[in-house]
Amino acid sequence: MSASALAKRPLLSRHLLDKAAVWIVLLILLIAAGFVSEAFLKLNYLGNLVRQAAPIGITAVGVTFVMILRGVDLSVGAIVSMSAVVCALVMDGKAENLWLAIGVTCATGSLIGLANGLLIAYGRVSSFILTLGMSIVVYGLVQMGTGGTARGIVSPGFREFLNDRIGNVVPTLAICFVIAVVVGIFLQSQTRFGRNVYLVGANPHSARLAGIPAVQTTVIAYCVSGLFAGLGGIALLARTGVSGTNPGAGMEFDVLAAVILGGTTFAGGRGGVGSTFAGVLVLFIALNLANVAGLPFAAQLTIKGIIIIAASAAHAWIGRSGGDRTE
Amino acid sequence: MNRAQLVIPFFSRLPPIVWALLLTVAFGALYNPQFRTVDNAMNVLEQSATLAFLALGQAFVIAGGLIDLSVGQLVGLVTVVACMGFEAFPGWGLPVILGCLLLGAVVGAINGTLINRLRMPPLILTFGMLSVLQGCIFMLTDRSVGSSIPAIDFIAHGRITGIPASLILVVIATVIAFYCLQRSTFGWHLLAMGNSASAARKAGLNVRGLALNAYVISGLFAGIAGLVLAGRLGTGFPNAGVGLELDSIVAVVLGGTPLKGGRVNVVAILAAVLFLGTISNLLNLMQVPTFTQILIKGIIVILAILLERPRWAAAPQ
Amino acid sequence: TGSGTAQELDLTKESTYDQILEWANEPLDTSQYKKDGKLKIGVSAGYLSNAWINFTAQMIKYEASLHPEIEEIKITDAGFNPTKQAADIDDLLTSGVDAILFWPVDEKAIMPALKKAHDQGVVTINIGYNFMRDPSVTSNAYVNQWGYTEQVVDQFIDSLDGKGKIIAMLPIAGSSAAVVQLAVLEQKLKDYPDMELLSAEYGDWDRAKAKQLTENLLQRFPQIDGAFSPAGQMSMGIYEAFDEAGRLDELTLSPGDDYNGWVKLVANEGKWGSVTSGLEVGRAAVQQAVDILTGAQTTTAIVVPTRYLAPEEAKELHEPDRPDDWFKTDLPAEYLPQ
Amino acid sequence: MALLETHDLTRRFPGVVALRAVNFTARAGEVHAVCGANGAGKSTLMNVLSGTIAPSSGRVLINGKSVSFTTPAEARSAGIAIVYQEFSSIPELTVADNIFLGQEFRKGFGIVDHKRASSEARALMERFRIDLDPDAAVGTLGVADRQLLELARALSTDAQVLILDEPTGVLSLSEQRNLFEVIRTLRDRGMLILYISHRLEEIFEIADTVSVMRDGELVATREKGSLDRKELVRLMTGHEVSDTEAIVDSLAGGETVLTIDGITSDDSRILLAEGEILGLAGLVGAGRTSIARRLAGLRPRTGMTAQLKGKPLPFDAAGVLKTGLVYLTEDRKEDGIFGPLSIPMNATAAALDYFSSAGFLARRRERSEAATLLEQLRLVASSLDMPITSLSGGNQQKVLFARALLAQPKVLICDEPTRGVDVAAREDIYRLLRDLSKRGVAIIMISSELDELIAMCHRIAIVRHGAVHSVVANEDLDEHKLVLAATGSDAA
Ligand SMILES: Nc1ncnc2c1ncn2[C@@H]1O[C@H](COP(=O)(O)OP(=O)(O)OP(=O)(O)O)[C@@H](O)[C@H]1O
Ligand SMILES: Nc1ncnc2c1ncn2[C@@H]1O[C@H](COP(=O)(O)OP(=O)(O)OP(=O)(O)O)[C@@H](O)[C@H]1O
Ligand SMILES: [Mg+2]
Ligand SMILES: [Mg+2]
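Protein chains in written order, with the numbering used here: chain A, 1 to 327; chain B, 328 to 644; chain C, 645 to 982; chain D, 983 to 1474.
Any given hint might turn out to be false.
Cut-off 20 Å, straight-line C-alpha distance, at most; resulting in silico cross-link-like pairs (DMTMM-like, lysine to aspartate or glutamate) [said to hold, decoys possible]:
hint	chain 1	residue 1	chain 2	residue 2
1	A	K19	D	D1249
2	A	K94	C	D965
3	A	K94	C	E963
4	A	K42	A	D164
5	C	K679	C	D935
6	C	K853	C	D887
7	C	K972	A	D92
Source of the hints: derived by calculation from the structure; they are not laboratory data.
Work out the full structure: start from the sequences and follow the hints.
Structure below.
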């Protein structure tokens, strides 16, 4: 066998199927949706869908890194809330505060992420419980800081710009989401940081032997998660203005569902931002479908649950038949 | 050997959470006159009963290296079904109660079976199940329905010679859980599975059976918790179980059980439940502003998990 | 038994509300509650992280500060968890309060706790959405929800000239608010055969959720003439969705409440109006508690009236420099949130 | 009649047929060796026989009766016990608890009787002369002791068939002798022992019958007497392989690369020159791995100081790696491979500095250089994009070697580099080590196979009780002397 023979990528292998699975599901779902309502095949509507998904999607990009690293970040819902509140507060209704507000929001998001990262990396504790605790802390802080009413006012032009449609078709916010995904993919596949995340996530012991700075990687990954949650908060603010002190409540679960749908599971070292993007869309299309079909709220909850289970079962199945010897 | 020599090792062997509980109680008793009343103590014990059952059930699952996120909504479902049942079939209290316990066990069995069959991560499966169950609840009702019956009320609120009936039940459940998890072969196998599922399988343990049983037990305990909650609320409130799954996991982890499983201390878990209840009670009594209370609780969760750093988290060689 | 004695009120019948007003005017025997000396008042909120409840809580604090006999006011927050609320009420009792003002997470679910309070001779006053008629509930401070919604619906139908396809945006599914609002709307619509309710959605009081649901509805229905949404916060989400879909010209919105963001919008648009949401219940509740505890003469409930504000009036009343998440009140500055 | 038979046993994995219509026969009272290159299907066959995995088709017969197991427990009650190639004990439990896991002793009320387990385990180990403390936590044992534990566990059931999948991979000579004693005793009691090993000498020493597998097929079953080494290798590989003639190149006397203090029993300093291969020999648990890991910065370097090219070694693993000291682990699964990741990602993990600039990866260069190197190492893989876990053990080891090489080592410490590696791949690894040595890389080679050490190393350090006891030049050594030195019998 020659070097080039080894380096050649096979056209279709089972494990490529794993990566493609969520895209295939997305395609099938889209076609199915197209039968239900033609709207799903219109660019305009799809743009809208991506825009709807932007806050959750942008947040999910960051969480993907943490999950590749075998962690989880349940504090993103609280960070999104905090960001929306803080951003509006700093804006204070003035256009000149816009960039300052965005800067401050990203900084606070990253800061919470930093706290998560430091505690998890140095404390070596369960990220599940720790970030859960952190979400309570952040929620408490926001409530203490605002006294229960969100007192910010968004800058003029901010919402108008982000809610505009470029060429009357593609919403700006949808583009922001796509940019976040592209940045995420770049981070994940082209940078040392991204590689380190995969290595540490796949096997922390091996990573140590290979001289990978696990602590640094962990801290940065949680910072990234916090940062993207901050951006998600700004996106939420752009979508819906100041709406209460806890607009991101429960969002962490949707984010988690989307990331898992994409195939980034808790096993670590698997999945990626691209799949998360597809996962977010699958989730939103499915829920919209349920909505359009006029299914009651209760049925939608059940559907969401079944989708999560089915998607994960499919990934597990493909993973097993994909030549993976680990049980 | 003098007494101190006997006592000191005993105390030094106590799990940290027990210490935390003792210190909290001591602090509360010293600084807050309302806290140290017997009545208040009984209140706290009574309030903790639901979570205690739930945490005990969760302990089985986590000990085996699994997790059950569906218990919170299962509690909600059982509460709703129980109250609907009590109202729809007056005089048929016992069958309804048994039916509810069965419901809990069946949902647990579904969890276990799906995890075994689909071979998927328990965290995700039960997370999906959480959503499914929530959907089921809202398909049944979107508001408070039905009412509880005196027998159930008594379990939730009643006192036997001043001691809450729920406390007695919790103690019995704890003893049973202690025997099952920390003494019996079943528990031993479960812990072995928690330490290494593949090794347990190779040793010939029926890991699928173990997982199934753990989930059935967890579901059963959630059923009990749901009934107690029905008694406490007196009605089937559809959102009654929201967030309880996380509380139960927090309690189990505070009780020193690593999320990876493989170790468990039932008494410490009970202490953790009481600790959470006591803290909440004490903060309320000390007039800490509510938002500050939330912050403090978050910090406690973080501190607790940092302090309870399990042995397995030590650096690999 | 400890619970289940609460009288079930049929929230979907107008007659129920006539009955409520009748009860409200009955005199209350306060002698059994009379206390001498300083008073301690507990507040058990179902959830505090909501601007309306928050402002009402501030109202409570402000009113309490006007009564020298009130020595202490204690507020707990159940975070939308009835189990926690039951425990909160227990804890308030333990700390020896004389009266408990409460917003129930769920009326039935906290009955056992209220019963316990009642048995200990503690005054219980409901400030929640529903009127509660039960021996364990001493009194109610009540905003007439039927009346409020009627004002909204009447105005809405008026501005649509009694015809058109409409959608309804309701609060949390199953909450009393959602039940009442839908009932009023459906009853009124009976008289208008030209009006069609396309779909009723549950937006959870949430601007973002309402917006998303509306976006889906816009997809489903090629023509939507009006949106019924008594909560201004959700109305804003609806407005934005129509705006972004470029279909704003077909939209007629119902009046919302006096949520500042909404009032600002009304002032800008010069149409649709709003209905006051009765923030004064907070003050009324404290007053009622003091009356009962000092043995003064009072009725079994205080009903706080609501009032339609036409767009012109909204212009006067809105506070453009305040955030959206705000209510216009006459609270002194130090009692405004934070 | 045959005790154990298989009829047309086939097992498919996605993309591979691990077993192709295997008709295998073995009698009671024999030691039946199964040989074959990496990935030949030996472990798969054993896993099917022991109920760990199910066959795709075909039958297994015991005493002429068709059986089918779905779990190891069923196989065990049918009299088949297995010692897996990979460890399957639970580190958190004690030795005794591990041995009786799944067959606990009980007091009343179903309560687990740990005391009884401990005493029974002690008795069991006395019977088979295994030196293990029943009450020790398995996590504190070295790999060799864990291997013994696996054996003890298999012996605790009254098995008719005992499967040993590379049991001597981690055993040193005396342990191995001891094991062979045990095996012979068992055989004489009428047990069938299926024995897998890559060490041909062992096979000739212990086996009565030899079956050879190649590419999932059973190519031959022969009596040992009718087989010689050359023939066996030919059967395994399908072609002739030149014999491993030990040729230690004479050392060109290069500069000193590594200086180690504080690990010898007489406080002397150990110097390692460019291009030198230093072997570490010793008994199980003698502390060779521990020396290596301390050097590599993976454990606190208490008492030891080391300098690389005159500069003190950093204390952290990443720092040590940067200075050019690379450690190749003995435990691939635990801290070697990155399970779900592709082969190139596994290969370049320790050389990301080289494959990136300013934090950005040069992915094309990374892939092509990794591919070239892996091809030189004769990696067998269907595609580079497969997760590394889809490779057989030997091929995984090659990838790890590639990782070490890409890290540009000045000093390479390889811990049991040929464990679980087949004959052909072994040759590749030996060749590689010699090439490295020629290029001036200093090598520390830890191995439990003395002939390998003697064939490869310029000098051999004998490790006893965590310290280097003596360092001997290769010319002065033979296997016998080495054993005596390692056991400490030479001092007398
Ligand atoms: N679980 C699995 N999934 C996919 N392929 C597998 C699995 N187990 C084994 N294989 C494949 O089956 C073939 C036989 O593997 P097996 O482990 O039986 O070889 P072996 O002879 O034991 O090799 P070694 O000497 O390296 O241990 C190999 O090609 C291997 O890649
Ligand atoms: N993680 C550990 N914790 C405690 N003691 C250990 C640990 N690992 C090894 N030991 C002990 O340290 C000693 C040296 O073990 P080490 O593994 O270094 O020996 P070795 O000579 O490399 O043997 P092997 O042939 O198993 O590689 C042994 O007595 C072993 O029991
Ligand atoms: Mg093998
Ligand atoms: Mg070793």
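_Violated constraints from the hint list, given by number and in increasing order_ = 1
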